[in-house]
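Colleague: As a plain string of letters, each chain reads:
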Amino acid sequence: MENEICITIESVSDIITAREQGRTIGKGLGFSSTDLTIIATVISEVARNIIVFAKEGEIILGTAKQGGRHGIVIIARDLGPGIPDIPLAMQDGYSTRKGLGLGLPGVRRLMDEFELMSDVGKGTTVTMKKWVYQ
Amino acid sequence: MEVPILKQGGFLIATIQAALTDADLLKLHYALVEQVGKHRSKGVIIDVTALDVMDSFATRTLRSLAHMVRLRGAETVICGIQPEVAFTMVQLGLTLEGISTALDLEEGLALLTQSSSKREV
Chain A
1 MENEICITIE
11 SVSDIITARE
21 QGRTIGKGLG
31 FSSTDLTIIA
41 TVISEVARNI
51 IVFAKEGEII
61 LGTAKQGGRH
71 GIVIIARDLG
81 PGIPDIPLAM
91 QDGYSTRKGL
101 GLGLPGVRRL
111 MDEFELMSDV
121 GKGTTVTMKK
131 WVYQ
Chain B
1001 MEVPILKQGG
1011 FLIATIQAAL
1021 TDADLLKLHY
1031 ALVEQVGKHR
1041 SKGVIIDVTA
1051 LDVMDSFATR
1061 TLRSLAHMVR
1071 LRGAETVICG
1081 IQPEVAFTMV
1091 QLGLTLEGIS
1101 TALDLEEGLA
1111 LLTQSSSKRE
1121 V
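Residue numbers (the working numbering), protein chains in the order written: chain A, 1 to 134; chain B, 1001 to 1121.
Wrong hints could be hidden among the right ones.
Said to hold, decoys possible - Here are the computed distance ranges between Cβ atoms for each label pair:
(1) ARG69(A) with GLN1091(B): 40 to 50 angstroms
(2) GLU2(A) with TYR1030(B): 41 to 51 angstroms
(3) GLN21(A) with THR1113(B): 23 to 33 angstroms
(4) LYS122(A) with GLU1107(B): 42 to 52 angstroms
(5) ASN3(A) with GLY1098(B): 40 to 50 angstroms
(6) ARG69(A) with MET1001(B): 31 to 41 angstroms
(7) HIS1067(B) with ARG109(A): 48 to 58 angstroms
(8) GLU20(A) with GLU1106(B): 24 to 34 angstroms
(9) PRO84(A) with ALA1031(B): 21 to 31 angstroms
(10) THR8(A) with MET1001(B): 34 to 44 angstroms
Simulated from the structure, these hints should not be mistaken for laboratory data. Here a beta-carbon is modelled for each residue, glycine too, at the ideal position from N, C-alpha and C.
Can you make the complete structure from the sequences, with help from the hints?
Modeller: So this is what it looks like as structure tokens:
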């Protein structure tokens, strides 16, 4: 990952900062306006998960290159309680808090690459990539 | 930033101007539920044209707002969902079931006028 920036997420206004940064990076990479909306929404979802489940954490944004294509990397990391049952959390419509937790399966659909790592009691890291469509 | 609420005839129009914090959205909740009673409004329009992101929190907030307004005896129309936002909402699995939507403010007002005249008959 190149051009890395890290945004501390500890209040709801940080969510807006993070998604605006994501939009700026995405624009620089040449994403379409639909993709920019997708990127901003995905950042919004994972940043909110940090606030709701872990209270604080960070969003790391950067760019990536692979075989001539460019993309954005989004990493959401926290040291919160972790996800005890990952397959369940990835089930569509599943939610541990009413209306929340729905984010992850949808987020996976919106991104090209999605990796979820979680240790109970230690924290959660979600790593996602989206490539510019050419 | 607080959301201004305008009174237009028997209806209230709340135009969301920019990315709102959670606190702003909650304030809008309370303000609308109260003003529906104060102005005896029969309809509320929430104009989200300026919103570039509708995540699960924003969607749930709008849904509960519409339900509260309905409990106060008025109808809610959400108008101005941008094409990119609509696309992303569907992919994420977010829905506004049971809530009226309209293309823009003009269509939203037409929809409310229609439904309130139906109720008077």
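Colleague: If a hint holds in the structure, say so; if it does not, say that too.
Modeller: Comparing the hints with the structure gives:
1. Between ARG69(A) and GLN1091(B), the C-beta spacing of about 21 angstroms breaks the proposed range 40 to 50 angstroms.
2. Hint check: GLU2(A) to TYR1030(B), Cβ distance near 45 angstroms, so the stated range 41 to 51 angstroms holds.
3. In this structure, GLN21(A) and THR1113(B) break the distance hint of 23 to 33 angstroms, their C-beta atoms being roughly 42 angstroms apart.
4. At about 51 angstroms, the CB distance of LYS122(A) to GLU1107(B) agrees with the hint of 42 to 52 angstroms.
5. The supplied range of 40 to 50 angstroms is met by ASN3(A) and GLY1098(B), whose beta-carbon atoms lie about 44 angstroms from each other.
6. Taking the beta carbon of each, ARG69(A) and MET1001(B) are about 38 angstroms apart, inside 31 to 41 angstroms as hinted.
7. Taken as a hint, the range 48 to 58 angstroms is violated for the pair HIS1067(B) and ARG109(A), whose Cβ atoms sit roughly 27 angstroms apart.
8. Between GLU20(A) and GLU1106(B), the C-beta spacing of about 30 angstroms keeps the proposed range 24 to 34 angstroms intact.
9. Distance hint check: the CB atoms of PRO84(A) and ALA1031(B) are about 40 angstroms apart, inconsistent with the given range 21 to 31 angstroms.
10. Judged by the Cβ atoms, the range 34 to 44 angstroms given for THR8(A) and MET1001(B) is violated: they are separated by roughly 23 angstroms.
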